[in-house]
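Novice: Residue strings, one per chain:
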Amino acid sequence: MEITIIHKQSDAIHFLVEGVDVAFANALRRTMLTRLPAMAIDEVIVIENTSVMYDEMLAHRLGLIPLITKLDDYNLPQECDCEGKGCSLCQCTLTLEKEAGDQETVVYSRDLSSQDPKVVPASGEIPIVKLAPHQRLIVEAYARLGTGAENAKFQPVATVAYKYVPVVSVDKTKCDRCGACVEACPKKILKLDGDKVSTQNTLDCSMCEACVQECESGAITIDSKKDSFLFKVESSGALPPDEIVERAADILKERVREALEFAGSL
Amino acid sequence: MIIPVRCFTCGKVVADKYEQFKREVRQGEDPAVVLDRLGLHRYCCRRMLLSHVDVIDSFMAFATSESPGAKQS
Numbered sequence: 000m001e002i003t004i005i006h007k008q009s010d011a012i013h014f015l016v017e018g019v020d021v022a023f024a025n026a027l028r029r030t031m032l033t034r035l036p037a038m039a040i041d042e043v044i045v046i047e048n049t050s051v052m053y054d055e056m057l058a059h060r061l062g063l064i065p066l067i068t069k070l071d072d073y074n075l076p077q078e079c080d081c082e083g084k085g086c087s088l089c090q091c092t093l094t095l096e097k098e099a100g101d102q103e104t105v106v107y108s109r110d111l112s113s114q115d116p117k118v119v120p121a122s123g124e125i126p127i128v129k130l131a132p133h134q135r136l137i138v139e140a141y142a143r144l145g146t147g148a149e150n151a152k153f154q155p156v157a158t159v160a161y162k163y164v165p166v167v168s169v170d171k172t173k174c175d176r177c178g179a180c181v182e183a184c185p186k187k188i189l190k191l192d193g194d195k196v197s198t199q200n201t202l203d204c205s206m207c208e209a210c211v212q213e214c215e216s217g218a219i220t221i222d223s224k225k226d227s228f229l230f231k232v233e234s235s236g237a238l239p240p241d242e243i244v245e246r247a248a249d250i251l252k253e254r255v256r257e258a259l260e261f262a263g264s265l
Numbered sequence: 000m001i002i003p004v005r006c007f008t009c010g011k012v013v014a015d016k017y018e019q020f021k022r023e024v025r026q027g028e029d030p031a032v033v034l035d036r037l038g039l040h041r042y043c044c045r046r047m048l049l050s051h052v053d054v055i056d057s058f059m060a061f062a063t064s065e066s067p068g069a070k071q072s
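Chains as they are written, first to last, in numbering that gives the first Met the number 0: chain A, 0 to 265; chain B, 0 to 72.
Please keep in mind that the hints were generated in silico from the structure rather than gathered at the bench.
Some hints here could point you the wrong way.
[Said to hold, decoys possible] Label pairs and their computed distance ranges (CB to CB):
id: 1; chain 1: B; residue 1: 30; chain 2: A; residue 2: 47; range: 35 to 43 Å
id: 2; chain 1: A; residue 1: 175; chain 2: B; residue 2: 52; range: 47 to 55 Å
id: 3; chain 1: B; residue 1: 54; chain 2: A; residue 2: 0; range: 37 to 45 Å
id: 4; chain 1: A; residue 1: 220; chain 2: B; residue 2: 43; range: 27 to 35 Å
id: 5; chain 1: A; residue 1: 150; chain 2: B; residue 2: 54; range: 23 to 31 Å
id: 6; chain 1: A; residue 1: 98; chain 2: B; residue 2: 8; range: 31 to 39 Å
id: 7; chain 1: A; residue 1: 241; chain 2: B; residue 2: 8; range: 22 to 30 Å
id: 8; chain 1: A; residue 1: 220; chain 2: B; residue 2: 58; range: 31 to 39 Å
id: 9; chain 1: B; residue 1: 31; chain 2: A; residue 2: 112; range: 31 to 39 Å
[Stated by the list, open to error] Heads up, simulated DSS-like pairs for lysine-lysine below, C-alpha to C-alpha not over 30 Å straight-line:
id: 10; chain 1: B; residue 1: 21; chain 2: A; residue 2: 7
id: 11; chain 1: A; residue 1: 187; chain 2: A; residue 2: 7
id: 12; chain 1: B; residue 1: 21; chain 2: A; residue 2: 231
The structure presented is a predicted model; accordingly, all values stated were derived computationally and were not measured.
Ideal placement from N, C-alpha and C gives every residue a C-beta, glycine not left out.
Hey, can you work out the whole structure from these sequences and the hints?
Specialist: Shown next, in the form of structure tokens:
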């Protein structure tokens, strides 16, 4: 197995995995989605809410805010020594207090103050609610670790997708250089280069086969490599994208080991 | 009511981009260009901002907050 990083940003990573099958690629994707823990607000105590928004809706919005997660600092509640009752090792308290003066005020996620300075909203610019003059909001929220299998708000990723590596080939003997394929390609992969059709950025190909349909002489074939996958992992901000992939691989390895151990004990 | 925190379909956080989107579109920029710049490339996330109506502003006209004078009495 070989991994090549194609593109890396602060919130997304694009990489190529070679020499694996679909089952492995999908297992990795599903591990990132449903098994990798992340912090999210799970319980909210509304002490005062005179805003126009219902308490339930407010709590729901708070839950969806991605919180920066330090996986080594917290335990999953079901694995914690306190047996899920909630202690400082598996829970983090955040408070929010805001009152509008004589003007309309927007409450943002940055107004949440956390007990743990490391567990803070990944983005401070998320509007939670708008307060009319003299309305007040006092809220206490408890964040904990959880997995995507339990609730999608715990997912550390927005999207994880993979696709086959496309192989675009142009048969020079059949090609009549009409240029119809160049026009048809939505991703601008084909290019009329002097007297021949050449390809560029083939990894962008979505394999729509618009060029194959346009090509009357049948010179273009779109194929895919069956053992290579292009992954796109987009983080919600809870964890950096490279850590997501690394941790997910560790979890997957551990789960495979457990399964093998069980199979061996039969 | 107010802009949803995340995209309904893919779960990307969109709420923090709404104010910039609204401001720049009001200044006469092309919404498609603004969405691209904000990093919303999928159509599921784009529709979250494009089709949103901030109804909370209408609700706030009927707000039942106590005035500071009334609170003291």
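Novice: Find the hints from earlier in the document that the structure breaks and name them by number, from lowest to highest.
Specialist: Checked against the structure, the hints that fail are numbers 3, 8, while the rest are satisfied.
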